[in-house]
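2 protein chains.
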Amino acid sequence: MNKETFLRNFMEEVWNKKNFEEVERYVHEEYKIHLDNADPWEGKILSLPEFKERLKFSFGSFPDIHFEITSAIHDDNQVAITWIMTGTNLGKIGDFPPTNRKIKTNGMTIYHFYNNKIAGHSQVFDRLTIMKQLGFV
Amino acid sequence: MNKETFLRNFMEEVWNKKNFEEVERYVHEEYKIHLDNADPWEGKILSLPEFKERLKFSFGSFPDIHFEITSAIHDDNQVAITWIMTGTNLGKIGDFPPTNRKIKTNGMTIYHFYNNKIAGHSQVFDRLTIMKQLGFV
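One line per chain: the protein sequences are A and B, in this order.
My numbering numbers the first residue of the first sequence as -10 and each following residue consecutively.
My numbering numbers the first residue of the second sequence as -10 and each following residue consecutively.
No lab work stands behind these hints, which were simulated from the structure alone.
A pair counts as met if it fits within one copy or between any two copies, since identical chains are not told apart.
In silico DSSO-like cross-links for lysine-lysine, where the CA-CA straight-line distance does not exceed 27 Å:
1) -8 to 41
2) 21 to 93
3) 7 to 106
Start from the sequences, fold in the hints, and give me the full structure.
Okay, here's the thing in structure tokens:
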């Protein structure tokens, strides 16, 4: 399977369908978050249990979080995607209580592969749009 | 020349060295901005003179604007880069007077090629970081 298809399946099964049992199929046992502004795990290497903790953290704030992939580019070891993230803020974000507001923003991620599994990412998204949509700015 | 090298040279010559005479060498005569949150030209197709106007607009706000490419991935028709943008706000941003503050933020861009020239981009960067650094948030 080419890496772009693999990555698209990962996004659908793990992030969109929130199927924790699929994590091992896609994610390397050492997953590094190279760049992800304001992500509590930025710069860290996550084990599979820590990877699932991070998923729970995101799903806790936005239980219906969804990524639509709008374009992709890949080489032998990396897949870059642009995406539209949507979700409803039904859980706490850090210490902030849920706003029940909907978010929709653009972002891009480069996923890095190692031994045919996803072993890390660099990610940027427009936090200002989200902060405005949640009423924080 | 492969497209990644071509793109790196474009970033250096046009954006970092601000050499307007090099624009024609790199940029297609129809350049589309597919995605670029809050960019006044988002969704538009720019001619070469309009492309230069957009450069002047950016250089006016941040005369020392500089992009350091931190990673890249390419296929036959696209180059994706992650970058660190730095600059000093010495000119107006829209109607806001210069703050004289320095900015530094992460972003990603996918550049699209057509007929061996750069014919457009999709871009995301963390505007919240910049708004904080400028004192607007």
